[in-house]
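Asks: The task is simple: from the sequences and hints, build the whole structure.
If you want the building blocks of each chain, they are given just below.
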Amino acid sequence: MTAAELAQLLEVQVEGDGSVVLSGGATLDAAGPEDLVFVDSRAAIAEMGATAAGCLLLRTDAQAPAGKTVIRVKEPRNAFAKAMRALLPDVRPAAGIHATATVAESAVVGEGASIGPQVVIEERVRIGAGAIVEAGSYVGRDSIVGDGCRIYANVTVYAGVEIGARTILHSGCVIGADGFGFVLENGRYEKFPQIGGVKIGADVEIGANSCVDRGALGDTLIDDGSKIDNLVHVGHNCRIGKHVVMAAQCGLSGGVRMDDYVVAGGQAGLGEKAHIGAQAVLGGQCGVLPNKTVEGGKAYWGTPARPHREYLKKLALIDKLPEILAELAQLRALATEAER
Amino acid sequence: MTAAELAQLLEVQVEGDGSVVLSGGATLDAAGPEDLVFVDSRAAIAEMGATAAGCLLLRTDAQAPAGKTVIRVKEPRNAFAKAMRALLPDVRPAAGIHATATVAESAVVGEGASIGPQVVIEERVRIGAGAIVEAGSYVGRDSIVGDGCRIYANVTVYAGVEIGARTILHSGCVIGADGFGFVLENGRYEKFPQIGGVKIGADVEIGANSCVDRGALGDTLIDDGSKIDNLVHVGHNCRIGKHVVMAAQCGLSGGVRMDDYVVAGGQAGLGEKAHIGAQAVLGGQCGVLPNKTVEGGKAYWGTPARPHREYLKKLALIDKLPEILAELAQLRALATEAER
Amino acid sequence: MTAAELAQLLEVQVEGDGSVVLSGGATLDAAGPEDLVFVDSRAAIAEMGATAAGCLLLRTDAQAPAGKTVIRVKEPRNAFAKAMRALLPDVRPAAGIHATATVAESAVVGEGASIGPQVVIEERVRIGAGAIVEAGSYVGRDSIVGDGCRIYANVTVYAGVEIGARTILHSGCVIGADGFGFVLENGRYEKFPQIGGVKIGADVEIGANSCVDRGALGDTLIDDGSKIDNLVHVGHNCRIGKHVVMAAQCGLSGGVRMDDYVVAGGQAGLGEKAHIGAQAVLGGQCGVLPNKTVEGGKAYWGTPARPHREYLKKLALIDKLPEILAELAQLRALATEAER
Chain L
3 MTAAELAQLL
13 EVQVEGDGSV
23 VLSGGATLDA
33 AGPEDLVFVD
43 SRAAIAEMGA
53 TAAGCLLLRT
63 DAQAPAGKTV
73 IRVKEPRNAF
83 AKAMRALLPD
93 VRPAAGIHAT
103 ATVAESAVVG
113 EGASIGPQVV
123 IEERVRIGAG
133 AIVEAGSYVG
143 RDSIVGDGCR
153 IYANVTVYAG
163 VEIGARTILH
173 SGCVIGADGF
183 GFVLENGRYE
193 KFPQIGGVKI
203 GADVEIGANS
213 CVDRGALGDT
223 LIDDGSKIDN
233 LVHVGHNCRI
243 GKHVVMAAQC
253 GLSGGVRMDD
263 YVVAGGQAGL
273 GEKAHIGAQA
283 VLGGQCGVLP
293 NKTVEGGKAY
303 WGTPARPHRE
313 YLKKLALIDK
323 LPEILAELAQ
333 LRALATEAER
Chain P
3 MTAAELAQLL
13 EVQVEGDGSV
23 VLSGGATLDA
33 AGPEDLVFVD
43 SRAAIAEMGA
53 TAAGCLLLRT
63 DAQAPAGKTV
73 IRVKEPRNAF
83 AKAMRALLPD
93 VRPAAGIHAT
103 ATVAESAVVG
113 EGASIGPQVV
123 IEERVRIGAG
133 AIVEAGSYVG
143 RDSIVGDGCR
153 IYANVTVYAG
163 VEIGARTILH
173 SGCVIGADGF
183 GFVLENGRYE
193 KFPQIGGVKI
203 GADVEIGANS
213 CVDRGALGDT
223 LIDDGSKIDN
233 LVHVGHNCRI
243 GKHVVMAAQC
253 GLSGGVRMDD
263 YVVAGGQAGL
273 GEKAHIGAQA
283 VLGGQCGVLP
293 NKTVEGGKAY
303 WGTPARPHRE
313 YLKKLALIDK
323 LPEILAELAQ
333 LRALATEAER
Chain C
3 MTAAELAQLL
13 EVQVEGDGSV
23 VLSGGATLDA
33 AGPEDLVFVD
43 SRAAIAEMGA
53 TAAGCLLLRT
63 DAQAPAGKTV
73 IRVKEPRNAF
83 AKAMRALLPD
93 VRPAAGIHAT
103 ATVAESAVVG
113 EGASIGPQVV
123 IEERVRIGAG
133 AIVEAGSYVG
143 RDSIVGDGCR
153 IYANVTVYAG
163 VEIGARTILH
173 SGCVIGADGF
183 GFVLENGRYE
193 KFPQIGGVKI
203 GADVEIGANS
213 CVDRGALGDT
223 LIDDGSKIDN
233 LVHVGHNCRI
243 GKHVVMAAQC
253 GLSGGVRMDD
263 YVVAGGQAGL
273 GEKAHIGAQA
283 VLGGQCGVLP
293 NKTVEGGKAY
303 WGTPARPHRE
313 YLKKLALIDK
323 LPEILAELAQ
333 LRALATEAER
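Protein chains in written order, with my numbering: chain L, 3 to 342; chain P, 3 to 342; chain C, 3 to 342.
You may find that some hints are simply not true.
Identical copies go unnamed one by one, so any copy, or any two together, can satisfy a pair.
Using 30 Å as the maximum straight-line C-alpha spacing, the simulated BS3-like pairs for lysine-lysine come out as follows [stated by the list, open to error]:
#1 Lys201 x Lys300
#2 Lys193 x Lys294
#3 Lys300 x Lys244
#4 Lys193 x Lys70
Bear in mind the hints are in silico, worked out from the structure with no lab data behind them.
Replies: Written as C-alpha cells, this is what we have:
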C-alpha cells in the first residue's frame with residue numbers, strides 16, 4: 003500500500019511523497035523506510051525528526067518534519083491501528099478439518115472454517131463460517147462458535163456455551179466451567195447445581211488463561227464488544243455489558259453486574275452481586291464489597307472502593323499522621339504549661 | 003420424577019398435586035411447569051406467587067402460595083441441591099479408551115473409566131474405576147487418579163501425583179508443577195530440588211486454571227472435601243485440611259497450612275508458612291504475612307490481616323481524620339487565644 | 003554416590019563414614035539411611051540428632067551429632083541443591099518425535115530433542131538440540147525453542163517467539179498471546195496492532211499458567227536467569243532484566259521495566275510503564291502506580307508502594323488513631339475547663 007492509498011483509506015490528504023510503499027508499522031526508533039509510525043505525544047514529536055520511517059501519522063495541528071511523507075489525522079493512534087488492520091491481514095490457517103482433529107458426527111462446521119490439529123469437537127456443536135479453532139482446543143457438546151471467531155490453541159469451551167461472531171479466545175482460557183457454589187450438608191460441602199450456560203456476544207476478546215464460569219441457574223452473560231485481559235475470573239451468573247474492559251487478573255465473584263463501558267483495572271476484585279454502573283472506572287487492585295452498587299460515570303480506587311478523589315484525600319490525610327502527632331504533643335505542652 | 007417422589011427422597015410430605023412431573027430446576031422467574039424452584043429469602047417469597055414452576059421448596063414455616071405444589075424443608079437451598087443431583091445425573095462420556103488417546107502399556111485403566119480423545123497417560127499411571135479423563139488431558143508417570151474422579155479437558159497432572167476418589171479437576175488446572183524454590187549461587191538462581199509429590203484427598207474440587215505445586219521435599223497435601231475455585235495458586239508443601247474453601251485467585255506461598263473448614267475469600271494472599279486455624283474466615287484480598295498464625299474460628303480482613311471487627315474500626319477511624327484535623331485546629335485556636 | 007564422592011563434588015572433606023551410599027534427599031524427619039539432609043537453622047540443629055539420614059550437610063561452625071556422617075559447607079541449603087542436581091538427574095522422555103505429534107515439514111527439530119504425543123509444531127519452527135516438548139504443547143510458526151529447553155505438557159507458544167537455551171516452561175503457560183491494547187473508535191474498541199514478539203533469554207523458568215504477552219510494536223523481553231512463578235501476567239512490551247524473581251500471581255501491565263535482580267512478591271501489581279530499579283524488592287500485594295520509578299536496592303510495600311520501613315511506620319501510626327482520639331478528648335476537656 004502506498005502512503006497516498008493509506009491517506010485515501012483514512013479519508014485525508016497525504017503531504018510529501020505519496021508513492022512511498024508501506025508494508026508495516028513500528029515505533030519511531032525501530033521503523034524502517036517501509037514502516038508507518040504515529041506521533042501523538044511531546045516525546046514522540048521531539049523524536050520524530052530522527053526516524054527512518056517511510057510515513058508519519060501526525061495530529062492535524064502538528065508541525066511536520068522536513069522532507070518526510072506525512073498524513074495528518076485527528077487521532078494518530080487510532081489511524082495507525084486502522085492502517086495496520088488494512089496493511090497486515092491476519093495470517094489464517096488453511097480452511098478445513100485437520101486429519102488429527104476429532105469432530106463428532108453431529109457437529110456442524112461452517113464454510114471456510116479451520117479446525118486445527120488435535121482439536122476435539124463434541125456432539126451437536128456448531129462452528130460458524132470462517133471460524134478458526136486452533137490446535138488442541140476443545141469445544142463441548144451443544145456449544146455454538148459464531149462466524150469468524152478465532153479460538154487460539156489449547157482453549158477449553160465446556161458444553162452448552164454460545165459464542166457470538168468474530169469473538170477471540172486466547173490460549174488457555176476456559177469458558178463454562180462449573181461456578182463455585184456449594185451447600186454445607188452434615189459438615190460436607192455438596193455441589194449446588196451449576197446447570198446454566200454462558201452466552202458471549204460478538205466482537206468480544208478474552209485473554210489467555212482467563213476463566214468464565216457457567217451460570218448456576220440461568221446464564222453468565224458477556225455482551226458485545228467487551229474486552230477481557232489475561233488471567234481474569236468471571237464467576238457464575240455475572241452479567242457483563244457491552245464494551246466493558248477488564249485488565250489482567252481482575253476477579254468477579256458470582257452474580258456481579260457491570261454495565262456498558264465499565265473499565266476495571268488490573269487485579270480489581272468484586273464481591274458477590276456487586277453492581278458497577280455504566281462507564282465507571284475501577285482502579286487497579288481496588289475492591290468492591292459484595293452487594294454494593296457503584297455509581298456509573300466515575301472513577302474509584304481502594305478497598306473498600308471509594309470515589310477516586312476521596313480516596314486520594316484519605317491517603318493524603320494518612321500521610322499527615324506524623325504532623326497530627328506533633329501538633330498533639332505541642333498542644334499537650336501548652337496545656338500543661340497553662341495549668342502550672 | 004414426580005413431586006411426591008421428590009418429597010419422599012427428602013423425607014418430607016408434599017402439599018398439593020404430588021403427581022406433578024419434575025425434570026429440572028430454575029430460578030423463580032425462568033422456571034417452567036416441569037421445574038423445581040426454591041424459596042429462601044424475602045425477595046423470593048414476594049416473587050413466588052408469579053412463578054410458573056411446577057413445584058416449590060419452601061421453609062417449614064413459610065406460607066404457601068395458593069394452588070401450587072409445595073414441599074416444605076428446613077433448608078430449601080440444600081434440598082434443591084439434593085433434588086438436582088437426583089434429577090439431573092451427570093452426562094458421562096462413553097466408557098473406554100478413545101482411539102486417539104495415548105496410554106502407556108504399563109498404565110492401568112479401571113473398569114468403566116472413560117479416557118477421552120487426545121488424552122495422554124504415561125507409564126505406571128493408575129486410573130480408578132469409573133473415572134473420566136476428558137480430551138487433551140495429561141497424566142504424568144506414576145500418578146494415581148482415584149475411582150470416580152472427573153478430570154475435565156486440557157488438565158495437566160505431573161508425575162507422582164495422587165488424587166483421591168470422586169475428586170473433580172476443572173479444565174486448565176495444573177497439579178504437581180515444580181514449586182518455586184531457588185538458591186542464589188554466584189549471582190545466579192539455581193533450582194532447589196522439587197522432588198516431593200502432591201496428595202489430594204477424596205471429594206475435592208479444583209477450579210479452572212488453578213495450580214497446585216508439588217512439594218520440594220515431602221508432599222503438598224489437600225485433604226478430603228476441600229473446594230478450590232479458579233486461578234488459585236497453592237505453593238509447594240502447603241497442607242490444606244478437610245472441607246477448606248478457597249475462592250478464586252487466592253494465592254498460597256510455600257508451606258502454608260490451613261486447618262479444617264477454613265474459608266478464604268477471593269484474591270486473599272498468604273505468605274510463606276502462614277498457619278490458618280480451623281474455621282477461620284479470610285476476607286477477600288486480605289493478606290496474611292509469612293510465618294503468621296491466625297487463630298481459628300474468627301473472621302479476618304485487610305493486609306496485614308486483622309480480626310474483622312478490629313479492621314472495620316480501623317477503617318472507621320481513618321474516616322475520622324478530617325474531624326481530627328478540624329478538632330486540632332480548634333484546639334490550637336483556643337490555645338493561641340488563651341496565650342494572648 | 004557415596005558421601006565421600008559428594009564431598010569431593012562440593013570440594014570439602016567428609017567426616018565419619020565416607021562410604022555411606024546416598025540416593026536421594028529429604029527433610030530431617032522423613033530421611034532414610036540413603037538420604038542426604040541439610041541443617042541450616044536452630045530448629046534443624048535441635049532436630050538433627052534424631053534423623054535417620056545417611057549424611058548431614060552442616061555449616062562449617064556447627065557441632066556434629068555423634069556417630070553421623072557429616073559434610074561441612076558454608077551454605078548447607080545451596081550445597082544440598084547442588085547435591086540433588088548431581089544425585090537425581092532429570093527423568094527425560096525418549097528422544098525423537100512421537101507418532102501422534104504434528105510437526106510441519108518446514109520445522110527443524112534438533113538432535114536428541116523429544117517431541118511428545120499430540121504436540122503441534124508449526125511452520126518454520128526451530129527446536130534446539132536436546133530440547134523437550136511434552137504432550138499437547140503447541141509451538142506457533144517461526145518460533146524458536148533453544149537447546150536443552152523443557153516445555154512441559156499443554157504449554158502454548160504463539161508464533162514468532164524466541165526462547166533461549168535451557169529455559170523451562172511449565173504446563174499451561176501461554177507465551178506470545180496478543181497484548182491488551184485497543185483504541186476507542188465510534189464507541190467500539192478496535193484492536194491496536196499487537197505485532198511485536200517475545201524474546202526470552204537462557205535459563206529462565208516460567209511457572210504454570212503464567213502468561214507473557216507479545217509486544218504491540220517491538221518485543222516483550224525477559225532476560226537470562228529470571229524466574230517467574232505460577233499465574234503471573236507479563237503485559238506487552240515489558241522489559242525484564244536478568245535474574246529477576248516474580249512470585250505467584252504478580253501482574254505487570256504493559257511496558258513495565260524491571261532491572262536485574264528485582265524480586266517481586268506474590269500478587270504484586272505494577273501499572274503501565276512502571277520502572278523498578280535493580281535489586282529492588284516489592285512486598286506481596288504491593289501496587290506500583292503507572293509511570294512510577296521505584297529506586298533500586300530497597301524494599302517496598304503497600305499500595306501505592308512506599309519504602310518498606312516508611313510503610314510500616316504508616317501502619318503503626320494508623321494503629322495510634324484510638325490514642326490520638328483519646329488525647330484530643332483530653333485536650334478538649336482541659337481547654338473547656340480553662341475557659342471556665
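Asks: Decide, hint by hint, whether the structure agrees.
Replies: Evaluated hints:
1. Lys201 x Lys300: within (28 Å within a copy, 39 Å between copies)
2. Lys193 x Lys294: within (26 Å within a copy, 32 Å between copies)
3. Lys300 x Lys244: So Lys300 and Lys244 pass the 30 Å test inside one copy only (17 Å; across, 40 Å).
4. Lys193 x Lys70: between (66 Å within a copy, 27 Å between copies)
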